[in-house]
Amino acid sequence: MIGEVLVECAHMSCAYNSTLAIKSIDLTIRKGDFVGIVGPSGSGKTTLLKAILGSITPVEGHITKKPHLRMGYVPQVETVDWNFPVTVLEVVVMTRSSVGRLPRVTKDERADALLVLERLGLGGLENRHIRELSGGQQQRVFVARALFHRPELLVLDEPTSGVDVRTRHEVLHLLADLHDEGVSIILSTHDLNGLAAHLPRLVCLNLEIIADGSPVDVMTPEILERTFGAPMEVLVHGGMPVVVDGVGADIAERMSRLA
Amino acid sequence: MIHVIAGLTTPFRYQFFNNGIIVATIAGALCGLLGVFVVLRGMSYIGHGLSHAVFGGAAASAVMNVNYFVGAGVWGIASGVIIGRIARRRLIGADAAIGVVTTASFALGLALLNRYGQAKKSIEAVLFGSVLGVKTIDIVAVSAVAILSVVIIVALYRAFLFATFDPEVAQVSGVRVAWIEALLMGLLSLTILVTMRVIGTLLISALLVIPASIARMLTNSFARMLWISPIIGGVSAFVGMYLSYFLDTSASATIILTGTLMFIVVYAVTGIRGRTRISGLHHI
Ligand SMILES: Nc1ncnc2c1ncn2[C@@H]1O[C@H](COP(=O)(O)OP(=O)(O)OP(=O)(O)O)[C@@H](O)[C@H]1O
Ligand SMILES: [Mg+2]
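Protein chains in written order, with the numbering used here: chain A, 1 to 259; chain B, 260 to 543.
Calculated directly from the structure, the hints in this document are not laboratory data. The structure displayed is predicted, hence computed values, not measured ones. Among the hints, erroneous ones may be present.
Output of the computed footprint for chain A on chain B, the stretches with three or more beta carbons under 8 Å from beta carbons of chain A [claimed, not checked]:
| id | segment |
| --- | --- |
| 1 | 428-434 |
| 2 | 459-473 |
Among chain A residues calculated to face chain B with C-beta under 7 Å, some are [claimed, not checked]:
| id | residue |
| --- | --- |
| 3 | Tyr16 |
| 4 | Leu53 |
| 5 | Gly54 |
| 6 | Thr57 |
| 7 | Tyr73 |
| 8 | Pro85 |
| 9 | Val86 |
| 10 | Met94 |
| 11 | Thr95 |
A virtual CB, placed ideally from N, CA and C, is assigned to each residue, including glycine.
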């Protein structure tokens, strides 16, 4: 079954100060998709997600979205101002900022927000300042904010950067649960083995889209080398591709000389 | 004893002093309120730039015999909106562009006053503020802007918070960020306009930054900053103004020094906590 189209990019290019950050992107996101964007640092992942979100306008080509598509955005943690004076609860209810809402968080909103926080394992932390949390908790506060908006499409920018293995598993489980509940998901990541290999669909990006398909199809040495600009080997373990750094042998040889 | 009390209340026997202290206190509170946004968005250079731009407008309207509030008001709001747009686009060199334009406006104002103004005295009054010239219209003006600001900030509190913390996501969540920013710049221009005659061009930006920074050290809550900062601004203006009568110093300088003293005390008392809280404020 093919879901309805949520977002469609056609030959879309985006630029900062006339330098292209992404070029001629053709990409369709449908209801029920669970897509990972992979690519090296600076390859345009954040730019692509922001274009989907609508905060960057393409300089070329088009992007069309389902009318009134509700999106939740989880920013890359590095871009958040952690020193800003807000509590966890205040961040979560932020998306309900339409004109006419009073400053005070209402009882209903509070109850809704606490449910979301509970579900993300953040129960009891609602009055903490956002800086007074662990990396994984900080990440989840922004997932909570996005979910509070009840999105049809959840957009996450590197949801597992800087978190430990256990938190990464938790995030992955959470996303899989949300996906089962009908939320479509697009995320970006550097993490090939820990995250990307588990997703049903991957898009390899480096200025342009290099490949788009299932992990088994796109995680090949040729495609990865073209995406990341570095040699990589791919093993298969339990039916899943596992990426190994191609420079391994060289480094191992140099290190053994030091030993 | 009675002499002492009588002595302490002497300044209040003068109408000009009463007018001055009312305007200064309201102006201090108002600058404290808007200063929260200035400080949290790291745009203290905008307060500095705007006050210099408004000075140009004030001088031009004085020379052309236009009412101060009309002339400087139009000029100030226009430069506020333009500065806001330049800053919003975050182009490389935006600060430099703003600096050049506003300093040019300032220099033009100064030249106009030199050439056509009455006396050196009036230049000093615009640069450093003066309590002598304060009239009822000033009290009305500063009160009106203060009420307007409070009403707008309360009514649009959430949009202001969201747009300040995370403009990009606010935009896609339906907050009209450009509109909120224009509103903020407009309020800031109006604030500078009604405050400038008492505080003076050169020290307004300090009054926008000091109370809000103190409030930031005292709390981790945006909502609490919004009332702590105006209280600190109002208190330092009141105390500074009062002390200036006895010390025979410039009112605005004494107000800023009072604020600075409070800053130092709070900095020392809140220790590491306060320091980490303000360390994250950009460009102060
Ligand atoms: N605000 C900006 N102004 C100018 N150039 C930018 C801006 N943001 C990104 N760029 C440039 O656009 C390109 C793509 O950046 P983008 O942030 O999309 O990469 P990314 O894949 O998300 O990288 P990372 O993995 O490091 O987050 C980079 O070359 C970057 O330097
Ligand atoms: Mg990025």
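These are the hints, each one checked on the structure:
Check result for the segment 428-434 of chain B against chain A: holds, 7 residues qualifying (beta carbon to beta carbon below 8 Å, three or more required). Here's how the segment 459-473 of chain B fares: 0 of its residues keep a CB closer than 8 Å to some CB of chain A, so the rule of at least three is not met and the hint is violated. For A:Tyr16, the shortest C-beta to C-beta distance to chain B is roughly 10 Å, which exceeds 7 Å, and the interface hint is violated. At a threshold of 7 Å, the smallest CB-CB gap from A:Leu53 to chain B is about 5 Å, leaving the interface hint in force.
With a least beta-carbon distance of about 5 Å to chain B, the hint placing A:Gly54 at the interface is held under the 7 Å criterion. A distance limit of 7 Å between C-beta atoms decides the matter here; for A:Thr57 the minimum to chain B is near 12 Å, and the interface restraint is violated. Restraint check, A:Tyr73 versus chain B: the minimum CB separation of about 5 Å is within 7 Å; hint holds. The beta carbon of A:Pro85 comes within 5 Å of a beta carbon in chain B, closer than 7 Å, and the hint placing it at the interface holds.
Contact between A:Val86 and chain B, as hinted, is supported at the beta carbon level, the nearest pair being about 6 Å apart and thus within 7 Å. With 7 Å as the threshold, the beta carbon of A:Met94 comes within range of chain B, its nearest partner Cβ sitting at about 5 Å, so the hint holds. Of the supplied interface hints, the one on A:Thr95 holds, with its beta-carbon coming within about 5 Å of a beta-carbon of chain B, less than 7 Å.
Comparing the model with each numbered hint stated earlier shows that hints 2, 3, 6 do not hold.
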